[in-house]
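> Okay, here's what each chain looks like letter by letter:
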Amino acid sequence: MHRLIILIIVLTLPLPAFGAEPVRMKYALSAYADEKGNGLNQPEGIACKDDRLVVADTGNGRLILYSLQGGEPKGGKEIKLPQVVYPIRVRVNSKGDIFVLDQRQRKVVRLTPDGTFKLYLELGGLATESMVVPAGIDLDGADNIYLLDILGGRVLVLDADGKTQRQINFPKEYGFITDLAVNSKGTVFLTDGVKSMVYANAADPNAFIPLTGIMKEDLKFPSNIVADAKGMLFISDQNSGGIVAVGQDGTFRNRMLSLGWKEGAVRYPAQLCVDKDGNLFVADRANSRIQEFTPVQ
Amino acid sequence: MRLRASAIILVLSAICLCLAPQADAAKAQKATKATKATRVDKETQFRLKPGAQQKVCLTCHADFENKLKKPFVHTPVTKTGCTACHSPHASNYPKQLNANASALCLTCHKGILPDDARSTHKAALEGKCVQCHDPHSADNKFNLLTAGNELCFGCHKDKADTISKVKFKHNPVTKACLNCHSPHASTKAAALLKNEVPALCKDCHQTDKSIFMNKHMNYPVANSRCTLCHNAHGSDKAGLIYNTAHPPFANKTCNLCHESSSSPNPLAVKKKGFDLCRGCHNNVVNEMFARNRLHLPVVGKEGCLNCHSPHASSQRGLLKDTQIQLCGKCHTDTIQRQERSITKHEPVKKGMCTTCHSPHASDNELLFTNKSTIELCGQCHDWQKHSTHPVGAKVIDKRNKNLTVQCLSCHRSHGTEYQHMLPAATVTELCTQCHKEYTR
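As you go down the protein sequences, you meet chains A and B in turn. If you read the first sequence in the numbering used here, its first letter stands for residue 1, the second for the next number, and so on. If you read the second sequence in the numbering used here, its first letter stands for residue 298, the second for the next number, and so on.
One or more of the hints may lead you astray.
If we take Cβ atoms under 8 Å as the criterion, some of the chain A residues that face chain B in the derived model are [unchecked claim]:
(1) N41
(2) A135
(3) N287
In short, the hints are calculated from the structure, not lab data. Here a beta-carbon is modelled for each residue, glycine too, at the ideal position from N, C-alpha and C.
With the hints as constraints, model all of the structure from the sequences given.
Below you can see the structure in the form of structure tokens.
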């Protein structure tokens, strides 16, 4: 009898209860300038850590440090250094150190939390291929540094001090790898701009395999990826203006936003970050602003 | 005893062999009789006039009488008659066909498009069999409309052009396209090739001969893809080398890039990625690295070879393909957007991507060749400079104080689903994004 009741309950449950819930975000705010009112110009990088938001204001060759108060960026201190020429990606470690990927110099610059130059990341002790062209950067919970080396066709894993630990080669048959992200478990994800796919090294830490199928219908040209604290992946669709959410198991969870000038729309979205409250920040490159989206429960 | 048994078997085999053709002929006779019988049966059953399935048709379609005198007549026409393919009364298909043209031919010619085909002829795939075959009769074998290469050249005009103009011709190509290509589909290779390259080439070219080795500077290229260097359709260069040849290749100084032919790994290159090309093209690489933005494939694992052929090419600048094909390999969505767009942008339509974008590096957004979008568009649209909506560095976009008004404020250069490459369905909808006072 008990079994029959359980069976009836299971059968009467709505089907979506078993499906993946779509991720939804709503527009919160946009920021256009630093604390002095100087406007952003084609920002491509953005990083969130605790109550700090760092923006790579690429077109102006500078960084801007905001503080997050109640999820809102406040202030906007300009950091302009001779060592940072053309910043395209930024990340912040647990100590507040800022890592800046400079495309002009093809180097990673490490700054102190207040934005003072500390060092260029030296990449020594590589097993193969000494030359590196970094195109993406992310950090894990232990402050290990993950670099996307497109010349070597690999991800370099460095410890918190920047010493090379190991490398993970790109998957076989990849199109063109555009970015990487690391989740709290240390799983590395890669976006393939040409194939519109995501790869992960969850099964084998030393090898990437496809996490998703080809997502051309929903994702035209994935350019940037970030993993939030819960493991959800957010991916910028650079060419058609949108953000796609993918579960850590590779399930498609939603396509959000549209291409445009209005607040809430994006043009050529670049780097993404998610703060501790789950708010998503987007470097809205061609609209020369950053935008914040809050999760809808 | 054994001998006797063998003799009996031999005699029986001989009898079988002698009877076999007769059996076939008997079968054929039987089949013809059966067809005739069916035809007579139908004529009786439906009280049809004698010859209703063909001869009656010719009373109106008199021109077919001569047509059917041609040497090659489609079998159903002779065996079953017109009704094999046409309905005598009414049909849902053009020309009163019994089925859709694509499906109709495949009812008999089932094996034309194999399930495991690696490449298919577009005309065959789309069921446009009549582009090559006459469904009734023809002067040529297989009911082909014209004989030999002429038929193929009707559509493949570029190939016809190449083959007729080139100084050095490839003998099998001048004789028949079908020497290398299958007409309908190929289960073995792309481009309807009868086999993969180099296996196909090896049918004629002996790669183990010393002349082959000498011509290839003793590099073991027997299993390399011949068409990376040779134009199988003909060329103005000896050896059918593509018209644009990389100087080290043309000068046979292979070891500038490759290890020596006597080394253990002779085909290996001396350096990886752009670093290899830097040896000669240092100025190009330095110029590239002096820019803010790099086209990242240039510094990818394949480096320059992502877009350029290292040996020879039919394209200028040793490009691997036409720009639209080459750029479209990665930027598929951008090319498709243009294809869907109501208004076409000429440089994109013509595949001249480098008119606006630098293929290597640039200081400008989207790798534009000019910092000012207005100047860039003005290269072709020069009227923009004297009569236009206010544009320029001093005109702030009312939608966003960080932006100034320029061409891309109102147009998407690779097209949209709306006219004039506008990002809005109507002009009003677009203009009122800034001029809100006119919103109704």
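> State for each hint whether it applies.
Going down the list of hints, with the structure as the test:
1. N41: Since the shortest Cβ distance to chain B is 7 Å, the answer is holds.
2. A135: holds (6 Å)
3. N287: holds (6 Å)
No hint from the list above goes unmet by this structure.
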